[in-house]
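Participant: Given the coordinates of chain A, assemble chain B onto it according to the supplied hints.
Residue numbers (this note's numbering), protein chains in the order written: chain A, 1 to 389; chain B, 1 to 250.
One thing to keep in mind: the hints can contain errors.
[To be verified] Capping the alpha-carbon separation at 25 Å, the derived lysine to any residue pairs in SDA-like fashion look like this:
1. B:Lys197 with B:Leu207
2. B:Lys196 with A:Lys181
3. B:Lys197 with A:Pro58
4. B:Lys196 with A:Pro67
5. A:Lys107 with A:Val197
6. B:Lys32 with A:Ala23
7. B:Lys16 with A:Pro58
8. A:Lys181 with A:Gly231
Because the hints were derived from the structure by calculation, they are not lab data.
These figures come from a predicted structure and were not determined experimentally.
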Amino acid sequence: MRSPSAFTGDYPEIREAVAQLCADFPGDYWRALDQERAYPTEFVQALTEAGYLSVLIPEQYGGAGLPLGAACAILEEIQRAGCNGGACHAQMYTMGTLLRHGSEQQKQRYLPAIASGELRLQAFGVTEPGSGTDTTRIRTRAERDGDHYVINGSKVWISRTEHSDLMVLLVRTAPRDAGAKPSDGMSVLLVDLREAVGQGLTIKPIRTMMNHATTELFFDDLRVPAENLVGEEGRGFRYILDGMNAERILIAAECIGDARYFVDRASSYAGDREVFGRPIGENQGVQFPIARAHVQTEAAAAIVQEAARRFDAGDDCGAQANMSKLLASEAAWAAGDTCIQTYGGFGFAEEYDIERKFRETRLYQVAPISTNLILSYVATHELGLPRSY
Amino acid sequence: MKVLVAVKRVVDYNVKVRAKADGSDVDLNNVKMAINPFCEIAVEEAVRLKEAGTATEVVAVSIGDKACQEQIRTALALGADRGIQVETEGAVEPLVVAKLLKGVIEKEQPQLVILGKQSIDGDNNQTGQMLGALTNMAQGTFASEVAIDGDKVNVTREVDGGLQTVSLNLPAIVTTDLRLNEPRYASLPNIMKAKKKPLDVHTPADLGVEPKAHLTTLKVEPPAERQAGIMVESVEQLVDKLKNEAKVIS
Numbered sequence: 001m002r003s004p005s006a007f008t009g010d011y012p013e014i015r016e017a018v019a020q021l022c023a024d025f026p027g028d029y030w031r032a033l034d035q036e037r038a039y040p041t042e043f044v045q046a047l048t049e050a051g052y053l054s055v056l057i058p059e060q061y062g063g064a065g066l067p068l069g070a071a072c073a074i075l076e077e078i079q080r081a082g083c084n085g086g087a088c089h090a091q092m093y094t095m096g097t098l099l100r101h102g103s104e105q106q107k108q109r110y111l112p113a114i115a116s117g118e119l120r121l122q123a124f125g126v127t128e129p130g131s132g133t134d135t136t137r138i139r140t141r142a143e144r145d146g147d148h149y150v151i152n153g154s155k156v157w158i159s160r161t162e163h164s165d166l167m168v169l170l171v172r173t174a175p176r177d178a179g180a181k182p183s184d185g186m187s188v189l190l191v192d193l194r195e196a197v198g199q200g201l202t203i204k205p206i207r208t209m210m211n212h213a214t215t216e217l218f219f220d221d222l223r224v225p226a227e228n229l230v231g232e233e234g235r236g237f238r239y240i241l242d243g244m245n246a247e248r249i250l251i252a253a254e255c256i257g258d259a260r261y262f263v264d265r266a267s268s269y270a271g272d273r274e275v276f277g278r279p280i281g282e283n284q285g286v287q288f289p290i291a292r293a294h295v296q297t298e299a300a301a302a303i304v305q306e307a308a309r310r311f312d313a314g315d316d317c318g319a320q321a322n323m324s325k326l327l328a329s330e331a332a333w334a335a336g337d338t339c340i341q342t343y344g345g346f347g348f349a350e351e352y353d354i355e356r357k358f359r360e361t362r363l364y365q366v367a368p369i370s371t372n373l374i375l376s377y378v379a380t381h382e383l384g385l386p387r388s389y
Numbered sequence: 001m002k003v004l005v006a007v008k009r010v011v012d013y014n015v016k017v018r019a020k021a022d023g024s025d026v027d028l029n030n031v032k033m034a035i036n037p038f039c040e041i042a043v044e045e046a047v048r049l050k051e052a053g054t055a056t057e058v059v060a061v062s063i064g065d066k067a068c069q070e071q072i073r074t075a076l077a078l079g080a081d082r083g084i085q086v087e088t089e090g091a092v093e094p095l096v097v098a099k100l101l102k103g104v105i106e107k108e109q110p111q112l113v114i115l116g117k118q119s120i121d122g123d124n125n126q127t128g129q130m131l132g133a134l135t136n137m138a139q140g141t142f143a144s145e146v147a148i149d150g151d152k153v154n155v156t157r158e159v160d161g162g163l164q165t166v167s168l169n170l171p172a173i174v175t176t177d178l179r180l181n182e183p184r185y186a187s188l189p190n191i192m193k194a195k196k197k198p199l200d201v202h203t204p205a206d207l208g209v210e211p212k213a214h215l216t217t218l219k220v221e222p223p224a225e226r227q228a229g230i231m232v233e234s235v236e237q238l239v240d241k242l243k244n245e246a247k248v249i250s
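This is chain A alone, in the form it adopts within the complex (with noise of 0.2 Å):
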């Protein structure tokens, strides 16, 4: 149950528009499916054919061609309804690389089935088991044979691949020391999953805390044809950077909505339960860590407003997403834990989906990139100190 609040920030009718859809996807629906870690099809569907999930692609191509700031509050609304975004939201920005560097042929080849929904590229393969977030020190490998490009390798924390057609890989076409800088020699290329599963990609689930479908991804001479490279050849990692900003601005969005979940069910529930007689939210010991992640979450949500608006000015905004991730995920979790402390035993109980959220908004203090790699970030980019690797 959502707050009986009005709606807060820009966009009132697209968020009032996404949270009447989610009212149709309750917290038993997301129980049920993290019973058997099963993906939310039904509620993907629902927002594809509503037209959500295709905010970001221009009109031209099919889409609504909204700027980041609207789909900062869809993505919020979705988190703040008690529902998981996690599941598609990359379909929303993952053809971003596509949009800036692909070619007008790519674009009009995919980009008009992505926005309605047909095509689905959600899968963003980036990670690898022995070079984490030191990207240029990838190994999977694509050499050119022919018209094709053959793949060698492993991937891993690969999301929704299983529910993906396409993906956007980062692969080495050269050496890491073969050019003039390590971020040099790699390459970005569009893979059909539909046609690569079986034939050279073998791809693992791997079972989470929470209900992520995330996978391991092992390529065995996996054929791409050519044509698939995205912009040139060798020049892939500039290519995934610029992509990263939307999506931590996209992600503390959610992290956003996740906050403003518990602060709304903590404060209801603090103003309805009665211990000794009396509503336990008439305690300040109860009322006060609920304002406070109250404050939290404010300070956190001007921040990644500030973020957006900077995106779609056309401004630098590295260090204000990065930045705004940080914050808001931690505002999520504070607020979380203070859902959990005013619910006592019930936040632990499943049926008050408390729990489940709490799970789920764990991720984004790690994942799409760590708070410590922020940190290093801002005191390296930010303040001119020596970097630490």
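Facilitator: Using the frame of chain A, we list chain B on its own:
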């Protein structure tokens, strides 16, 4: 065929309403408002008629202050073509609403008018019927099915004994029941298009109506709190309690 649908801004059905401390009204301060669910069903039905090629234009009308334009936009996002707001202040009672709608009908000349059977705030269930009386148009209330048949409309009504189907001459008035349809979600492209659709504002004076109050609310109070239940030991004890304590069986 032109279809007119009425939409009302009401407190959202998910909100737990509270009475004001002075008992004068329900406390609507900072409360989420939404389109009345029965009105949403009315909009959906009109849009379906348009999609089926039966209706050519769907006009959504709301009566209230500027805020009700939000609900008109919601109707436009669901597929209505244009909106009309009749600007009023404060609460308007069903008879005034019916008179204002009659004014809009005279201007717009729709063949079919679809309204919710009632709004979930006042639960009066009067406007559609009053509008029928004022306009002398045929009315089919509590509709669970609406089928246009030439210059008639067949309306299946949910009545106490079951279902009753009436055939009305057009132009006619239909009020919706819960089972008429399941409204769609507004899609993102349609929400964006709705912002550009025309929305005209009229005053009651434009429609030749002077809003008058015939009713005064004396007191608004929450329902009595329910007492906690008890577990009974046996069927005999249950029957005894139902007979002698609750006095619901004899």
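Participant: Indicate, hint by hint, whether the structure satisfies it.
Facilitator: Checked hints:
The straight-line distance between the Cα atoms of Lys197 (chain B) and Leu207 (chain B) is roughly 22 Å, inside the 25 Å bound, and the hint therefore holds. A C-alpha spacing of about 51 Å is found between Lys196 (chain B) and Lys181 (chain A), which places the hinted pair above 25 Å, so the restraint is violated. Taking the CA atoms of Lys197 (chain B) and Pro58 (chain A), the gap is near 21 Å; set against the 25 Å cutoff, the hint holds. Taking the CA atoms of Lys196 (chain B) and Pro67 (chain A), the gap is near 18 Å; set against the 25 Å cutoff, the hint holds.
A C-alpha spacing of about 24 Å is found between Lys107 (chain A) and Val197 (chain A), which places the hinted pair at or below 25 Å, so the restraint holds. Restraint check for Lys32 (chain B) and Ala23 (chain A): the C-alpha separation of about 14 Å stays at or below 25 Å, so the hint holds. Distance hint between Lys16 (chain B) and Pro58 (chain A) is unfulfilled; the C-alpha atoms sit about 41 Å from each other, more than 25 Å. In summary, the hint linking Lys181 (chain A) to Gly231 (chain A) is supported, as the alpha carbons are separated by about 19 Å, within the 25 Å threshold.
In summary, the structure is inconsistent with hints 2 and 7 from the numbered list given earlier, while agreeing with the others.
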